[in-house]
Amino acid sequence: MEVRLSDIDYDKSARDIDLPFHSVNHLKIVNSSAWQLGRFRLEGNFSYQNNLRKEQAEAVSHGYMPMPPNSLERKFNKNTYTANILLKYLLAGKHNVNVGINAEHQNNKRDGWGFVIPDFNSTSLGGFIYDRYHISDDLIFSAGMRFDHINTHIRSYNDWYKTPVGKGDSIYKERSADLMRTFNSLTWSAGINYNTDQWNFKANIGKSFRTPVAKELGSDGVNYHIFRYEKGEPDLSPEESYQLDLGINWNNGLLDIQLDPYFNYFPNYIYLNPTAGYYEGLQMYYYTQSKVIRYGFEAALNIRLSENLQADLKGEYLYAEQLSGEKKGYTLPFSPPWSANIGFRYMPKAKWAGTDGFISVNYKINGDQDEIVPPENKTKGYQTLNMSAGRSFSWQQYSIKINMQGQNLFNKRYYDHTSYYRLIDVPEPGRNFSVMIGLEF
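The sequence shown begins at 69 in our numbering and counts up one residue at a time.
It is possible that some hints are incorrect.
What the hints assert, rightly or not - Across the chosen pairs, the derived CB separations fall in these ranges:
#, residue 1, residue 2, range
1, Met472, Leu377, 35 to 45 Å
2, Ser487, Ile153, 38 to 48 Å
3, Ser257, Asn152, 15 to 25 Å
4, Gln451, His163, 19 to 29 Å
5, Asn152, Lys177, 18 to 28 Å
6, Arg121, Val165, 18 to 28 Å
7, His163, Leu322, 36 to 46 Å
8, Lys96, Lys177, 14 to 24 Å
9, Ser456, Leu369, 33 to 43 Å
10, Tyr488, Phe89, 49 to 59 Å
11, Gln465, Thr264, 23 to 33 Å
Hint data in this document are derived by calculation from the structure and do not stem from the laboratory. Model, not experiment: these values are computed from the prediction. Beta carbons: idealized from backbone N, C-alpha and C, even for Gly.
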C-alpha cells in the first residue's frame, strides 16, 4: 500500500485491523469426470472461480484528487468459467492419441477511488491433438499441435475527479480507452525420449504463444504491492517463442547426473521496461516488447554416500539479451544471476521413533548480477546456510508430520535481484525459524 502521512490515532494494539489492509476471498467449484469406453477414455473438467479482493487505505487527497468518500481504494471482482474436455485413444499399442478442447471466460469488475487495471472480459477457445508413439521399448516420439482463438475487451475508464488542462479548463482524464483485441495462434511441438539401462536422453523443439493480458494492455496506475507505477500498451502483439531444450541423465544407483540445457528465441517478448521517471515517489515502468534470445542450463549431481546419507550439488545459469528496441544489447529486467546449492541429507534408520525422517543442511551460493537494464541497480552475490529436519509419526489411525526449518542461519544481510523489494532497498529476511505440523486422517 502507499505510504502517506496519517491522521488516524492508532492505539498500537496488535488486535486492531488498521489501515491500510486488504482482504481476499476465493471460491472454487470443480467437477472432474471420466468415462472409459474400450480403447477410448473421455475426461471432462469444469470449474467456476470467484476472486473478490478489496484494498482499504486511509482516505486522503493528493495531486488533483480530492478527499475520497470512503476507505475502499480498490476492489476487484473476477469470475472465471473453465471447461476442458480430453479424449484419449490407444491405437494398436503403439500410438497414444490425445485430442482436446479448452474454453475459458473471464470477467473482471473494478471499484474504488484508486485505479490500476480497467474492467475487462476475456474469452478463449482452443483445440489440440497430441500423439505419443512408441517406436520401440527404448525410443518414444511425441508431437502435437494446438490452435487458440482469444477475444479480449477492455472497458474505458475516466478518473472520477477533474484534472486541469490549459487555462481555466479541466477534464475527467481518460486512464484506459475502450479496446477490443482478437488473437489467433497455431503452435506445435515435437520431441524424442530415449532410455537405456543407465542413460536417458530427451530433446524437444517447438513454438509457444502467449496473449497479452489486460494489465499489459490497459494498466495505468500505481501498484503499491510491488512498489512501482505501471503503464500498459494497447498495441502489444502476442508473445511468441521458438524453443529447444535437451535433457541428459546418467544414473548407476550411486551416482545420478542430470544436465538440462535450453535455448529460446522470442520475436516479440513482452516485459516491463524500467524508466528513470517517478510518480508519487515510485519508479515508472511501461510494458513493451522486443526480440530476445535466452539460453542457459540446469545441472544436478547426486551422490549416495551410504544407505542413509546422500549429497547433492545443483546449479543453474541464464543468459538473456534484447536484440531490438530501446534497450537493445541489454538483458531483461529482474534477470537472476547464476546460482549453486550444496546439500547433505541424512535419513535415520527405521528403528528411530517415527518414519520417513530426515535431517538436511544446504549451502546456497548466488553470484553477482552485473548484467542489468538501466536504471536497475547491480546486486552483489551472497551465500546462506539453511537447515531442516522432519519426521512422521503414527498415532492411532492418524499420521502426524513435523517439519522444522532454519533459514539464513548466519544472519547474512543480502539482496535478491529478482525481488520487488530490491526496488526499495529492502534486504531479504535474516535468521528465521519455522515449525510446521500436519495431521492426516
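Okay, Lys96 versus Lys177 on CB: inside 14 to 24 Å? Because 19 Å falls inside the window, the suggested range holds.
Tell me if the beta carbons of His163 and Leu322 are separated by a distance inside 36 to 46 Å. holds (37 Å)
How does the Cβ-Cβ distance of Tyr488 and Phe89 compare with 49 to 59 Å: does it lie in that range? violated (19 Å)
Between Asn152 and Lys177, does the beta-carbon spacing fit 18 to 28 Å? holds (25 Å)
That 33 to 43 Å hint for Ser456 and Leu369 (C-beta), does it hold up? Violated, at about 20 Å.
Hint check for Asn152 and Ser257 - Cβ pair distance inside 15 to 25 Å: holds (19 Å)
Is it true that the C-beta distance of Arg121 to Val165 lies inside 18 to 28 Å, as the hint says? violated (41 Å)
Take the C-beta atom of Gln465 and the C-beta atom of Thr264, compute their distance, and say whether it sits inside 23 to 33 Å. violated (44 Å)
Met472 versus Leu377 beta-carbon gap, inside 35 to 45 Å or not: Because 19 Å falls outside the window, the suggested range is violated.
Ser487 paired with Ile153, Cβ distance criterion 38 to 48 Å: Given range 38 to 48 Å: holds, Cβ gap about 40 Å.
Given a hint of 19 to 29 Å, does the C-beta separation of Gln451 and His163 actually sit inside it? Since Gln451 and His163 have Cβ atoms about 50 Å apart, the given range 19 to 29 Å is violated.
Figure legend: structure checked against the earlier numbered hints; hints not met, in rising order: 1, 4, 6, 9, 10 and 11.
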